[in-house]
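Asker: The lines below spell out each chain.
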Amino acid sequence: MMDVADVLWRLLAVLLAFLLLPLIVGQAEHKAMAHMQGRVGPMYAGGFHGWAQLVADGVKFAQKEDIVPSGADRRVFQLAPAIALLPYLIVLIAIPVGKGDAVGQVVDAGVFFVLAVMGVGVLGSLMGGWASNNKFSLLGGLRTAAQLLAYELPMLLAAASVAMAAGTLSLPGILDAWQWWWLPWQIIGGLVFFTAGLAELQRPPFDAPVADSEIIFGAYTEYTGLRFALFLLAEYAGIVVLSALTAVLFLGGWHGPSDSELGWVWTLLKTAVLAFVVIWLRVSYPRLREDQIQRVAWTVLVPLALLQIALTGVVKVVIQ
Amino acid sequence: MPVPGSGLAKGLAVTLRTMTRRSVTAHYPDSLPQLPPRSRGVIGLFEENCTVCMLCARECPDWCIYIDSHKETMPAATPGGRERSRNVLDRFAIDFALCMYCGICIDVCPFDALFWSPEFEYAETDIRDLTHERDKLREWMWTVPEPPPLDPAAEEPKELGAAHKAADKLAAQQAESEQQAESDGESEPPRETGTDPSGPSATARDEQEGDR
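So the protein sequences, as listed, match chains A and B.
Going by full-length UniProt numbering, the first sequence opens with residue 1, and the numbers climb by one from there.
Going by full-length UniProt numbering, the second sequence opens with residue 1, and the numbers climb by one from there.
To be clear, the hints were calculated from the coordinates, so they are not data collected in a lab.
In this text, a Cβ means the ideal position worked out from N, Cα and C, and glycines have one as well.
Some clues are possibly wrong.
Stated by the list, open to error - One-sided excerpt, in silico: chain A residues whose CB lies under 7 Å from chain B:
{"hint": "1", "residue": "L23"}
{"hint": "2", "residue": "Q27"}
{"hint": "3", "residue": "H30"}
{"hint": "4", "residue": "R39"}
{"hint": "5", "residue": "V40"}
{"hint": "6", "residue": "P42"}
{"hint": "7", "residue": "V283"}
Unchecked claim - Pair ranges (Cβ atoms, derived):
{"hint": "8", "chain 1": "A", "residue 1": "V40", "chain 2": "B", "residue 2": "P149", "range": "31 to 39 Å"}
{"hint": "9", "chain 1": "A", "residue 1": "V7", "chain 2": "B", "residue 2": "T20", "range": "54 to 62 Å"}
{"hint": "10", "chain 1": "A", "residue 1": "G58", "chain 2": "B", "residue 2": "A123", "range": "51 to 59 Å"}
{"hint": "11", "chain 1": "B", "residue 1": "S6", "chain 2": "A", "residue 2": "W180", "range": "21 to 29 Å"}
{"hint": "12", "chain 1": "A", "residue 1": "V277", "chain 2": "B", "residue 2": "W63", "range": "58 to 66 Å"}
{"hint": "13", "chain 1": "A", "residue 1": "A45", "chain 2": "B", "residue 2": "Y101", "range": "29 to 37 Å"}
{"hint": "14", "chain 1": "B", "residue 1": "T20", "chain 2": "A", "residue 2": "D73", "range": "33 to 41 Å"}
{"hint": "15", "chain 1": "B", "residue 1": "P148", "chain 2": "A", "residue 2": "V40", "range": "43 to 51 Å"}
{"hint": "16", "chain 1": "B", "residue 1": "Q34", "chain 2": "A", "residue 2": "V277", "range": "52 to 60 Å"}
{"hint": "17", "chain 1": "B", "residue 1": "S6", "chain 2": "A", "residue 2": "L115", "range": "29 to 37 Å"}
{"hint": "18", "chain 1": "B", "residue 1": "L32", "chain 2": "A", "residue 2": "V120", "range": "33 to 41 Å"}
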């Protein structure tokens with residue numbers, strides 16, 4: 001049984017990671033995107049290479065007026081950003097960073113818990129879109145709903161394959177059972193999981209719900225100031241969570257070439273690489289159309305995930 | 001047949017390759033641009049050359065040049081001669097809010113009173129401040145760069161060519177008259193030596209007409 005100080009210490013660590021990692025991802029996106037597009041990213045805030053850009057952004061957001069459109073459903077409108085952001089914080093608690101009990105809280109049905117809680121984040125965008133009293137927001141919200149419903153399934157199926165392979169739903173349990181040859185074994189599931197997660201985050205190329213050229217900014221059209229910043233933070237926290245989950249489920253988390261006590265370094269490294277891939281994909285690919293997004297989900301990802309489950313089952317039986 | 005998905009990989013490769021290269025962006029306020037000497041930044045006025053002929057103001061398509069002047073009469077140069085009148089510039093202003101930087105005023109100026117300066121950082125918060133009066137136009141004059149040297153293979157400018165020809169002719173005449181003086185004795189004064197006012201200008205005109 002953990003004592004109170006231990007619990008507090010763990011919560012504090014998770015909160016710190018929650019506040020810090022998305023900022024690092026955001027900064028990395030500024031610079032990586034800029035270099036990939038052959039231009040200069042935000043350079044001036046702070047001294048060296050504009051390291052304080054995100055701090056400056058935060059100050060700017062905090063200064064802006066907080067507007068609720070007339071005719072909007074006030075309470076729902078105001079609650080939406082919090083609902084979009086909080087699930088990622090809760091998910092972070094359950095992600096094992098290092099060997100043993102280097103985790104906020106060990107949850108027995110970890111995979112189930114994590115995916116269920118992540119599904120709640122969708123609600124934030126939907127609420128924002130519905131409550132804004134704005135047709136662009138409504139369209140964006142409905143697109144979000146359609147997209148997230150479509151991609152929830154392949155994501156769950158891919159995660160289920162790993163849980164099947166390990167014979168447990170607990171995230172640390174999965175990592176304990178993990179072997180290096182799971183990497184090629186589960187690669188299809190990993191790709192499906194990562195792609196579906198990308199779509200859940202509404203990141204490019206799956207950003208039709210926030211398509212700024214068609215529906216302005218989708219469900220977030222009417223948001224200003226801090227509430228808008230919270231939605232942005234939710235996006236970057238989502239990148240962190242998705243990368244960490246993919247690293248834990250498919251890349252072996254704290255397993256590394258040197259199986260030492262420094263397992264958490266491996267987890268963070270894999271997470272960082274995946275977060276970079278998220279940014280990289282954003283720069284490289286054009287936005288998919290709404291119907292293309294649906295087609296990818298139902299005709300590519302779902303069959304692939306089912307194939308992975310079948311493969312996992314066969315190999316599992318053969319091993320035994 | 002290309003491998004399915006190879007296009008996606010190619011896209012990723014392109015962005016990754018670009019990332020490893022240095023960007024060529026010019027950091028403008030930190031490092032000033034290297035402007036060519038004939039950049040059209042702002043117009044400088046060399047007031048001493050201006051005769052208030054108004055050609056620039058009349059040719060300006062935007063009508064952004066304002067000139068005020070008055071006439072002054074000067075006493076006759078020789079006793080009993082006619083009084084001279086000359087134009088004195090009171091105001092010369094260019095409204096750069098209207099100017100479209102066509103450079104026609106500079107081209108038409110017959111007395112080389114207007115010049116392009118490469119300075120371009122004169123934004124104002126009030127549009128009225130974009131009307132530059134003569135003091136300011138004079139200040140821009142100091143920023144006008146030296147004209148670039150001629151191409152080494154270029155033919156000589158007409159002015160220089162005309163001057164050289166005139167000088168050669170003059171020297172030849174002088175030599176001729178000296179020879180004549182030597183042969184004729186000292187009594188005869190040298191004829192038409194260096195006092196022919198039509199000499200140089202006539203040759204210059206001939207040269208120009210011959211070119212056309």
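Asker: Hint by hint, note whether the structure agrees.
Answerer: So, going through the hints one by one against the coordinates:
1. L23: The hint is violated - L23/A has no Cβ within 7 Å of chain B, the shortest such distance being about 21 Å.
2. Q27: 15 Å, violated
3. H30: 13 Å, violated
4. R39: 6 Å, holds
5. V40: 5 Å, holds
6. P42: 13 Å, violated
7. V283: Hint on V283/A: holds, closest Cβ of chain B at ~5 Å, below 7 Å.
8. V40/A with P149/B: 31 to 39 Å: 36 Å, holds
9. V7/A with T20/B: 54 to 62 Å: 45 Å, violated
10. G58/A with A123/B: 51 to 59 Å: 30 Å, violated
11. S6/B with W180/A: 21 to 29 Å: At roughly 28 Å between Cβ atoms, W180/A and S6/B fall inside 21 to 29 Å, so the hint holds.
12. V277/A with W63/B: 58 to 66 Å: 60 Å, holds
13. A45/A with Y101/B: 29 to 37 Å: 35 Å, holds
14. T20/B with D73/A: 33 to 41 Å: The hint (33 to 41 Å, Cβ to Cβ) is violated, given that T20/B and D73/A are roughly 49 Å apart.
15. P148/B with V40/A: 43 to 51 Å: 32 Å, violated
16. Q34/B with V277/A: 52 to 60 Å: Roughly 39 Å apart at Cβ, these two residues miss the hinted range, so it is violated.
17. S6/B with L115/A: 29 to 37 Å: Taking Cβ atoms as reference, S6/B and L115/A lie about 32 Å apart, which means the hint holds.
18. L32/B with V120/A: 33 to 41 Å: With a Cβ separation near 54 Å, L32/B and V120/A fall outside 33 to 41 Å, so the hint is violated.
Hints 1, 2, 3, 6, 9, 10, 14, 15, 16, 18 from the list above are not met by this structure, while the remaining hints are.
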